[in-house]
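Colleague: Each chain, letter by letter, is given below.
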Amino acid sequence: MGLLSMLDKFENFVGVNFWTMIFAWINLLILYLFLKKLLFKPLKNMIDSRQKEIDDMYSEAESSRKGAEALKSEYEEKISRAGEESEQILRTALRRAQLKEEEILREANEKASRTLERAEEQIAQEKKRAVNDIKNEVSSLAIDIAAAVIGRDVSESEHEELINEFIENIGEEK
Amino acid sequence: MDLQVNGPKVFFELPFDLPDSAIFTMKNLITQTTVSIAAVTVILIALALIVSRKITKRPGKLQVVAEKLVSMLYGLVEDTMGKHNLKFAPYIGTIFLSSIIGTLIGTTQLFRSTTADLSVTAAWAIVTTGMVWYNNIKNFGFGTWLKGFTEPIVVMTPMNIVSEIANPVSMAFRHFGNVAGGSVLTALIYGALSAASSLLFSWLPGALSQIPFLAAGIPAFLSIYFDLFSGFVQALVFSLLTMIYVGGACPPPEELPVKKNEKQ
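Chains A and B supply the protein sequences, listed in that same order.
Following this note's numbering, the numbering of the first sequence begins with 272 at its first residue and continues without gaps.
Following this note's numbering, the numbering of the second sequence begins with 107 at its first residue and continues without gaps.
For reference, chain A alone in the conformation it holds in the complex (with noise of 0.2 Å):
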């Protein structure tokens, strides 16, 4: 201020002056730029960003959360509804044995009975050869002792007569 002051007057006290009104605006107009640029802007972007990233993790972990609870009661259930599923598989897997069981045994009567059967027809066969056997030797037999008998030889004929009427009481007495 010293060079300046060289001038000993002052200014009114209450009073405009023109030039510092101007030199008042261009400061001002000054150091609105220069503050909005390097002050506002700035801090206000870096509150902003860092409450946009604050609300977001908030946001994140809410969701998360909540898909933490959605996955636990999910499994509860599926837990819950494994345990009927096994008794229902339990079930299913005993209803199958005992069909099965039933199955097999009324297969195995089945062969018994054909079996059986085959057997049986067997037996009527054996029994049907063996007493047409019987019969052909019974009857060369009885044709043996009759002529062994009589004596004499009886004509074909007679001994076919002879040979039946002694079959079938042979029959008849059974």
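Per label pair, the in silico range of CB-to-CB distance:
{"hint": "1", "chain 1": "A", "residue 1": "Phe281", "chain 2": "B", "residue 2": "Phe279", "range": "17 to 25 Å"}
{"hint": "2", "chain 1": "B", "residue 1": "Met262", "chain 2": "A", "residue 2": "Lys280", "range": "42 to 50 Å"}
{"hint": "3", "chain 1": "A", "residue 1": "Ser335", "chain 2": "B", "residue 2": "Leu155", "range": "36 to 44 Å"}
{"hint": "4", "chain 1": "B", "residue 1": "Ile324", "chain 2": "A", "residue 2": "Phe289", "range": "36 to 44 Å"}
{"hint": "5", "chain 1": "B", "residue 1": "Ala144", "chain 2": "A", "residue 2": "Ser335", "range": "54 to 62 Å"}
{"hint": "6", "chain 1": "B", "residue 1": "Glu270", "chain 2": "A", "residue 2": "Asn316", "range": "31 to 39 Å"}
{"hint": "7", "chain 1": "B", "residue 1": "Leu155", "chain 2": "A", "residue 2": "Leu342", "range": "47 to 55 Å"}
{"hint": "8", "chain 1": "A", "residue 1": "Asn316", "chain 2": "B", "residue 2": "Met262", "range": "43 to 51 Å"}
{"hint": "9", "chain 1": "A", "residue 1": "Gln322", "chain 2": "B", "residue 2": "Glu119", "range": "49 to 57 Å"}
{"hint": "10", "chain 1": "A", "residue 1": "Ile297", "chain 2": "B", "residue 2": "Ile156", "range": "17 to 25 Å"}
If you're looking for bench data, these hints aren't it; they were derived computationally from the structure.
No residue lacks a Cβ here, since even glycine has one placed at the ideal position from N, Cα and C.
Following the hints, complete the assembly by docking chain B onto the known chain A.
Modeller: For chain B alone, kept in the frame of chain A given last:
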């Protein structure tokens, strides 16, 4: 005792024939206030540079304080002017900082308070009024703005015009008067205490009797009220009035006239 209450000292006078009256002068190019304004600008830019040098997501102490102040500023602007007017926050912050630093710079005794000069507060008030008029015309149209002066009835027109002019005048004089008055009061008290102590201690030998012992502590406490508190309050009042006036000219988008909305 000789106590003088002066305006700012004139450092450089233009050598031309320019208007130079008691109320309005164009002759004094550089005054004490000019130097103070430059000092305020330098101080604020330096502060801004220090704060903005390292803005990180994890703030240091300085950044925490600065962020707190900035979010308070944006909160105040949002409360007073609405969310749609947040673009004015940097200007409000600038006017607030200019005002409070401009007042406090006077307490250094190296500079004169910028706000103790009517030229400065008048310049700021004119900017506020300019913003109000500009936004009124922009938002409502020139005709509607002019028509607004005739409401509620035509007879009120002169009153409305006077009150429109009275706004910046009262803003300028309120701020100037508070700060200048405070400095005058401080000077008066300082002088009175010096006089009292020279009376009380006149029996002391030689130069000792000339030391104003009483003036050592008391003015400092008064200065806390007249400079710190009053400076803060006046900066707040000026910013608030600017916010209210400009906010009134910038209603929320949904309250704007239909004509304006159709254009968008």
